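Undergrad: So you can see what is in the structure, the chains are spelled out below.
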Amino acid sequence: MKKISIDPITRLEGHGKIEIFLADDGSVANAYFQVPELRGFEKFLEGMPVEEAPRVVARICGVCPGSHHLAAGKAVDAVYHVDPPPTAKKLRELYYSAHYVHSHIAHFYALAAPDFVMGPDSDPAKRNILGVAEKVGLPIAGEVLKHRRIGQDIQIMVGGKSTHPVWSVPGGVSKGITEEQRLQIVEMAKSCVEFSKFSLKLFDDVVLKNKAYLDIVLSDVYEMDTAYIGTVDEKNHVNFYHGDHRVVDQKGKEIDRYKDAEYLDHISEHVETYSYLKFPYLKKIGWKGFVDGPDSGLYQATPLSRLNAADGMATPLAQAAYEQFYSTLGGKPVKKLLATHWARLVELLYAAERLLELASDPEVASPNIRTLPTAVPTEGVGIVEAMRGILTHHYKTDKNGLITEANLIVGTTNNHAPISMAIKRAAQKLIKPGKEVGQGLLNMVEMAFRLFDPCFSCATHTLPGQMPLVVDVFDAQGKLVHSEGR
Amino acid sequence: MTRRTRVIGLGNTILTDDGVGVYAAREVRRRLDGQFPDVDVVESEVAGFALLELMAGWERVILIDAVAFDDTEPGEIFRIHPQDLRTSLRIRSVHEIDLPTALELGRRLDMGMPDEVLIFAVQAQDCLTLGERLNEPVKAACARAVDMVVDEIGRAAVAVDRGPEA
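These protein sequence lines are chains F and C, in that order. Note that the working numbering gives residue 81 to position 81 of the first sequence, counting from 1, and the numbers run on in steps of one. Note that the working numbering gives residue 131 to position 131 of the second sequence, counting from 1, and the numbers run on in steps of one.
With the rest of the complex left out, here is chain F (with noise of 0.2 Å):
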């Protein structure tokens, strides 16, 4: 059997390897995707007060710290049974939109434009940013770094910390934003929301009108048949930091829906051997291995299944965005993978206008940022949506507030088993007995990996790069026969 695998240069950033089993023909006999987790996480925050949790858990991550932060900051809300002053509401949402436009912005145009501005097997050399710079003009790559500035700038400004912050305490906030302070994020929010009209009128212009892009987006090289998970408000549109977590079914119709303190009796977690990740899926339809289709017990948690999950978006432009979407992609739900980025820059719209929005309400300025925690501390569960996926929170702790039990599901790995699927799915439809295995091909196996933006972060930062892959290919003798990015 030959084996292909997707292997880390060098570690730093929690690495993923994909390796892609060969059948003596030469077609794919099976593919597997396995991540190194992080070790000890539940024993290093045991016998810690649980109100330093959000502080804690924001440092395993470099990726999303502010999700973990505010999944935290709820989770401990709850444990001392405090429910937060609107204002402290308003501005961990604002805090929140902010670190979305942040984030969304970094992947978009350094992960999934390149593929798209570039194509998915030009040079590799040209296939990053700096060639969708020289693409699209440089002016643009300056656009790009200013306004994820901007979302770290407002991060900073109200959360302390960018990276690390030190914010969220239990019933609110630790400190306010001044009346000028506002007034400064409703001009950076604008700016963001004219980047953000801008972002999709690029992905109009360079993918949806081009033939061959189109043609790569819809192939069904890309698709996938599972549940769709996402948070919604009263209203059930898409909403990151809070509401109720919605499932809806292949067709699109709702089948499940909880509150954050309810998720284990809606979400169970399948062990594998050769995986420490868990492989999360639906408590009602049950584990039903690693299949889409109808019958299928997993769900996906992304940007498009945020977008399949809701019936709407909250802010108008991202509405109208939203129906554009669904009438060029026929209707909900979009099973096309690739449709993801589109349904990111949808998100990206949603978040500049949702910041702007909350900049806008002069409540956000208001002292009135906590309620004082006076009951016993007993037991809490916090969930938001990471921008790669939900994200769970679950402590337990003693009536001093030490914690005794903890339980984290990140974004990814609700996506664990989807992913898996994509890329053997891409890999059996790409790899074909007698083709010769390229570079162009392997790349195009690992968009498939890439569109769901996969976080295995352990470390917050990497020297050379993050999780970068090499692509190993092994004959059907477990040979090394071609080897990609070494």
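If you're looking for bench data, these hints aren't it; they were derived computationally from the structure. The structure presented is a predicted model; accordingly, all values stated were derived computationally and were not measured. Just to be clear, a hint being listed does not mean it is correct.
Claimed, not checked - Calculated pairs, SDA-like style, for lysine to any residue (alpha carbon to alpha carbon, straight line, at most 25 Å):
#, chain 1, residue 1, chain 2, residue 2
1, F, K278, C, L130
2, F, K161, C, R6
3, F, K161, C, L54
4, F, K135, C, G112
5, F, K190, C, E53
6, F, K161, C, E53
7, C, K139, F, V56
8, F, K429, F, D123
9, F, K161, C, R26
10, F, K146, C, R107
11, F, K43, C, L130
12, F, K126, C, M111
13, F, K161, C, D40
14, F, K43, C, E132
15, F, K278, C, G131
16, F, K135, C, E53
17, F, K161, C, I14
18, F, K197, C, L109
19, F, K161, C, G131
20, F, K146, C, A56
21, F, K278, C, T129
22, F, K146, C, E43
23, F, K126, C, E53
24, F, K135, C, R108
25, F, K278, C, D126
26, F, K161, C, M111
27, F, K126, C, H81
28, C, K139, F, F41
29, F, K146, C, V42
Chain F is already provided as a structure; the job is to place chain C on it using the hints.
TA: Only chain C this time, still in chain F's reference frame:
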């Protein structure tokens, strides 16, 4: 006079050996004790675009970080330049942009990127376990890395004082 130099200790101090760059930077700051006004020492956890911003505006940048190369003993130290890294422009990262790409992008955008980026990379033993202590070989390497960085800064200062021929 020295060239305007920024020392950046990269790492995560709750992931065992991954914190080595941060610990080293703290010690470098203590050892330099403000004797070189043009040298700045910072600790950071960032990469990609954010690292690009941290490097902009400095003539020289010295990075200290943990690495996990294949077939390498924990505690080994590599003194390398970005172009020596086995990752290159052609390898894109999953989350953002890698270091050579970040540098090149900053140059094209005239962001005042450093003329020289020097990396002291310390081979880690374990960066996956949550913990706040370095493993022994890495702890020893941390002290050596500090010496190397301090020497590097001292040497550069002497070279500048003697003029370009030195």
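Undergrad: Hey, K278(F) versus T129(C), does the alpha-carbon distance stay inside 25 Å?
TA: holds, 18 Å
Undergrad: What's the verdict on K161(F) and D40(C), does the C-alpha distance respect the 25 Å limit or exceed it?
TA: At roughly 20 Å apart (the allowed maximum being 25 Å), D40(C) and K161(F) satisfy the hint.
Undergrad: For K161(F) and R26(C), compute the direct alpha-carbon distance and say whether it is at most 25 Å.
TA: holds, 19 Å
Undergrad: K278(F) and L130(C): Cα distance at most 25 Å?
TA: holds, 19 Å
Undergrad: Can the restraint linking K161(F) and I14(C) be considered satisfied, given a maximum Cα separation of 25 Å?
TA: Between K161(F) and I14(C) the Cα gap is close to 18 Å, so the pair holds against 25 Å.
Undergrad: Does K135(F) pair with G112(C) here, judged by a C-alpha cut-off of 25 Å?
TA: holds, 23 Å
Undergrad: Check the hint pairing K126(F) with M111(C) against an upper bound of 25 Å on the C-alpha distance.
TA: holds, 21 Å
Undergrad: Next pair to validate is K190(F) with E53(C); report whether the Cα-Cα distance is within 25 Å.
TA: holds, 23 Å
Undergrad: If you draw a straight line from the CA of K43(F) to the CA of E132(C), is it 25 Å or shorter?
TA: holds, 13 Å
Undergrad: Taking 25 Å as the top limit, are the C-alpha atoms of K161(F) and R6(C) close enough?
TA: holds, 21 Å
Undergrad: Decide if the proposed pair is consistent with the structure: K126(F) and H81(C), CA atoms, cutoff 25 Å inclusive.
TA: holds, 21 Å
Undergrad: Check whether the Cα positions of K139(C) and V56(F) lie no farther apart than 25 Å.
TA: Within the cut-off at roughly 23 Å; holds.
Every hint from the earlier list agrees with this structure, and none is contradicted.
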